[in-house]
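**Q** Chains A and B, in that order, give the protein sequences. Reading the first sequence from the start, the letters are residues 1 to 630 in this note's numbering. Reading the second sequence from the start, the letters are residues 1 to 317 in this note's numbering.
Note that these hints are calculated values from the structure, not bench results. Mixed in with the good hints there might be a few duds.
Claimed, not checked - Subject to a maximum C-alpha distance of 30 Å in a straight line, what follows is the list of computed DSBU-like cross-link-like pairs (lysine-lysine):
#, chain 1, residue 1, chain 2, residue 2
1, A, Lys607, B, Lys8
2, B, Lys5, A, Lys277
3, A, Lys166, A, Lys44
4, B, Lys8, A, Lys277
5, A, Lys8, A, Lys145
6, A, Lys277, A, Lys86
7, A, Lys93, A, Lys364
8, A, Lys364, A, Lys166
9, A, Lys86, A, Lys44
10, A, Lys277, A, Lys44
11, A, Lys358, A, Lys222
12, A, Lys8, A, Lys373
13, A, Lys145, B, Lys139
14, A, Lys607, B, Lys5
15, A, Lys605, B, Lys5
Computed from a prediction, not measured in an experiment: that's the story for all the values here.
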Amino acid sequence: MNRYPVWKFAIIVIALLLGVVYTLPNFFGEAPAVQVSSSKISAKVDAATLARVEDALKAANVPPAAVALEGASIKARFESTEQQLKAKDAIQKALIPEGTENGYVVALNLLSRSPAWLTSLHAAPMYLGLDLRGGVHFMLQVDMKAALTQKTDSLAGDIRTTLREKDVRHGGIARNGQNIEIRVRDQAQLDAARRVLADQFADLQTVDAAEGGEFKLTATIKPEAARRVQEQALKQNITTLHNRINELGVAEPVIQQQGLDRIVVQLPGVQDTAKAKDILGRTATLEVRLVDESSEARSAEQTNGMVPFGSERYLERNGQPVIVKKQVILTGDNLTDAQPGFDSQTQEPVVNLSLDGKGARIFKDVTRENIGKRMAILLFEKGKGEVVTAPVIRSEIGGGRVQISGRMTTSEANDTALLLRAGSLAAPMEIIEERTIGPSLGAENIAKGFNSVTWGFLVIAAFMCIYYMVFGLFSSISLAVNLLLLVAVLSMLQATLTLPGMAAMALALGMAIDSNVLINERVREELRLGATPQAAIHTGYDRAWATIFDSNITTLIAGVALLAFGSGPVRGFAVVHCLGILTSMFSAVFFSRGLVNLWYGRQKKLKSVSIGTVWRPDGAAPVSRTEDKA
Amino acid sequence: MEFFKIRKDIPFMKHALIFNVISFVTFLLAVFFLFSRGLHLSVEFTGGTVMEVSYSQPADLTQVRGVVSGLGYNDVQVQNFGTARDVMIRLPAQKGVSSAQQSDKLMVALKAQNAEATLRRTEFVGPQVGEELAADGLKALAFVVAGIMLYLAVRFEWKFSVAAIIANLHDVIIILGFFAFFQWEFSLAVLAAVLAVLGYSVNESVVIFDRIRENFRRYRKMNTIEIIDNAITSTISRTIITHGSTQIMVLSMLLFGGETLHYFAMALTIGILFGIYSSVFVAAAIAMWLGIQREDLIKAAPKKDEDPDDPNSGAVV
Chain A
1 MNRYPVWKFA IIVIALLLGV VYTLPNFFGE APAVQVSSSK ISAKVDAATL ARVEDALKAA
61 NVPPAAVALE GASIKARFES TEQQLKAKDA IQKALIPEGT ENGYVVALNL LSRSPAWLTS
121 LHAAPMYLGL DLRGGVHFML QVDMKAALTQ KTDSLAGDIR TTLREKDVRH GGIARNGQNI
181 EIRVRDQAQL DAARRVLADQ FADLQTVDAA EGGEFKLTAT IKPEAARRVQ EQALKQNITT
241 LHNRINELGV AEPVIQQQGL DRIVVQLPGV QDTAKAKDIL GRTATLEVRL VDESSEARSA
301 EQTNGMVPFG SERYLERNGQ PVIVKKQVIL TGDNLTDAQP GFDSQTQEPV VNLSLDGKGA
361 RIFKDVTREN IGKRMAILLF EKGKGEVVTA PVIRSEIGGG RVQISGRMTT SEANDTALLL
421 RAGSLAAPME IIEERTIGPS LGAENIAKGF NSVTWGFLVI AAFMCIYYMV FGLFSSISLA
481 VNLLLLVAVL SMLQATLTLP GMAAMALALG MAIDSNVLIN ERVREELRLG ATPQAAIHTG
541 YDRAWATIFD SNITTLIAGV ALLAFGSGPV RGFAVVHCLG ILTSMFSAVF FSRGLVNLWY
601 GRQKKLKSVS IGTVWRPDGA APVSRTEDKA
Chain B
1 MEFFKIRKDI PFMKHALIFN VISFVTFLLA VFFLFSRGLH LSVEFTGGTV MEVSYSQPAD
61 LTQVRGVVSG LGYNDVQVQN FGTARDVMIR LPAQKGVSSA QQSDKLMVAL KAQNAEATLR
121 RTEFVGPQVG EELAADGLKA LAFVVAGIML YLAVRFEWKF SVAAIIANLH DVIIILGFFA
181 FFQWEFSLAV LAAVLAVLGY SVNESVVIFD RIRENFRRYR KMNTIEIIDN AITSTISRTI
241 ITHGSTQIMV LSMLLFGGET LHYFAMALTI GILFGIYSSV FVAAAIAMWL GIQREDLIKA
301 APKKDEDPDD PNSGAVV
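If we strip away everything but chain A, and leave its shape as in the complex, we get:
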């Protein structure tokens, strides 16, 4: 009756194997490494880059322990931190010539020392949270109201232009809060204005309001459009943050949306918070200028000679110099959107820009006067400018809809659109939560968590073995298996392990033993009542299971609540807590039963089981395991 079919043992063996394999990487520790990745499409990380990195390391005489191209990044491992720093300098010099920015990101990192076969199984060590590895955590709140106001402002400008084009007379257009108020003189104009708005501005909804004999049309952004604006603002801010953080050289930055209007940024290993904050809070600006087409400028472009007065030299993204005039035609403030698309006639990839009313007017005038000349779109960040694109003006462009074309691939069009949109923040952001943890503190926290788990485990295991003898040993082994599986699952899921998470691990073990105690007590009780050892084991496990299940469910309810409503440290706790409960159900019941079945189940004439003293209240001498003849 206490036998497991083969498939159950198979499950146990497979679970154990998986557990061991996925836990293994945690034991190899981490090696200092340098990671090369790319923040721009033009900077490709491929076999050629790998060769360059290898050459650079050879030239600098820093032999790496291993260099490999993994996905879109090159990772080079080193024996010591000293070599790592030297190597970073060497690689940086080789890939990024002094004073330029070509999209390569060279960052310090820590890589698992685990052997290649483990890595090929996607077995990686647990992902340590910031409190264990040190670093910075920011939570930023995006000012959505400002994003909407900005959008409303630009729409108001667009309405002004459109109404003029359609010849609808109005007595003034003003933004009032998040509303656009259009005053008109009579009913006919009101209807006309409303028609234009309904035709051209799908994002707006209008309400008539007659006020003291004056006709007024109030337009507001539709809720679904507002939601779109907010989503876009958030996405754009995230993209901008990505671009900026790439400059910091952080190996594994985490930039995530949280909720509807928040962004979480985690920079492991970064210690200089002041710099990080500076970079996160920086604003980039977009400028449209004309390219200087004079002959001096042309020659300066080709020969790196003197730049004519009133012009400046900037580099295009492919490194080509462009001489542009200092006079700024438009800035990013006038740009409302940039989307990649295709030309309706040539099917060429293009970038479609939308300008606000004022921008459209200026653009129309400038393009009319400069047909055949080139126009440059520049992006300024940190005071450094870069030409995003410099297309030739083919015709006068009105209506604020600008198309940039010119031998772009689809991905380049995407990239340019992104850059134009992401150059600046769509809406202001504010840091509402910040956490900095020094690296020494992280290491200390790991040691603390580790010690808590180890000592607690050892004492419990010792107690179980003394109190329940062989059954206690089985319980302890099950508890160890629980720990193994928990670590394996955490490694597999790459869930973030934090100090509260380690506390949850300790607590999970403390609670998991509950199931084994329940079982052991139940088996003892059955023996006390006079059941044969085999029957006692069977009923003990059976009866205990219902209780274990119930009690674990209630604990799980608490865990899920923490997971659902918790944030930050609480969430880290909850994840491990919930997983620990689940693994404990497997190890404490299924696995420990397997051990018991293996040990006792085969013995047909089992006389006694070693479960410590089975004391009987009926006055008979306490029956120890050897005397138990029940």
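Fit chain B to the supplied structure of chain A, relying on the hints for placement.
**A** The following block gives chain B in isolation, referenced to the frame of chain A:
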């Protein structure tokens, strides 16, 4: 080895009234302290900045205080954190000044006073986040209470679920009472501990209720009080041992976990100790007052014991 050699069922329920009065008084005391002293909420709830600064020599707190108040902060806590060399500084949230400026300015000032000061950790929480966290905490608590009550009501009966939740909420209030009385810092981690304890000590009640249900089925002649007494007596050994084991773990955290886990472990310790008490003495007693009887539970009986020889019976996961 056997710690519990109990010959007869202990008549717990005979003294139920006394236990309930004791609980009620502790509960009232906890509530009183909660209101009179209030919780010492961590920066996560109140908003503000916490900095942990480390010195190579034991730090002079008065000097640090001097530097801090020199920057124009009034209501600032400066205290040792863990060791004498580590100092924790808690700044209130200021309107108009970002946390970055706050901590950077203070760090510069501290370095000027003692060059060896190193920043180990800063934590800034905006006031709006704090409010949300408090709200989320209450939501989580409500979710746990509702979830557990629902589950117990389905699995057992509403009287049990009411009894279990009253008993365990009383634990929660008592933990909070301790935190209020000693003015220990109540952080998010402590909140997590409190909720975990809530789930955990409901276990205890579940085990006893399970046994009560079984006894109702098994001992047809016993009356309710005898059945409850028997259920508690036969599970008490397990209760003490499991809680002891969990407490070993928590103790290990208390000893080795350092300052960060200190109050977390503290909350768990109180929770576990009162958890034993409340589920043994309070939950069952309340269930008794509510008038549980055989008929309440037997209807659920046929579902179980379908095939006692099937090793899978009951395995529902």
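**Q** Next step is simple, just say for each hint if it's right about the structure.
**A** Outcome of the hint check:
1. Proximity of A:Lys607 to B:Lys8 is assessed by CA-CA distance (about 28 Å); at most 30 Å being required, the pair is judged to hold.
2. Using a Cα cut-off of 30 Å, the hinted pair B:Lys5 and A:Lys277 is violated, with the two alpha carbons roughly 65 Å apart.
3. For the hint pairing A:Lys166 with A:Lys44, the CA-to-CA distance comes to about 49 Å; that exceeds 30 Å, so the pair is violated.
4. The hinted pair formed by B:Lys8 and A:Lys277 fails the criterion: a straight-line CA distance of about 69 Å is larger than 30 Å.
5. Restraint check for A:Lys8 and A:Lys145: the C-alpha separation of about 59 Å exceeds 30 Å, so the hint is violated.
6. Our distance criterion of 30 Å between C-alpha atoms is met by A:Lys277 and A:Lys86, whose separation comes to about 27 Å.
7. Restraint check: the Cα-Cα separation between A:Lys93 and A:Lys364 comes to about 45 Å, which exceeds 30 Å; the hinted pair is violated.
8. Of the pairs offered as hints, the one joining A:Lys364 and A:Lys166 holds, with about 17 Å between alpha carbons and a cut-off of 30 Å not exceeded.
9. At roughly 23 Å between alpha-carbon atoms, A:Lys86 and A:Lys44 fall within 30 Å of each other, so this suggested pair holds.
10. For the proposed pair A:Lys277 and A:Lys44, the alpha carbon gap of about 29 Å is at most 30 Å, so the pair holds.
11. Taking the CA atoms of A:Lys358 and A:Lys222, the gap is near 23 Å; set against the 30 Å cutoff, the hint holds.
12. About 78 Å separates the Cα atoms of A:Lys8 and A:Lys373, which puts this hinted pair outside 30 Å; it is violated.
13. Between A:Lys145 and B:Lys139 the alpha-carbon distance is near 27 Å, which keeps this suggested pair within the 30 Å criterion.
14. A distance of roughly 23 Å separates the Cα atoms of A:Lys607 and B:Lys5; the hinted pair therefore holds under the 30 Å criterion.
15. Taking the CA atoms of A:Lys605 and B:Lys5, the gap is about 29 Å. The hint holds against a cut of 30 Å.
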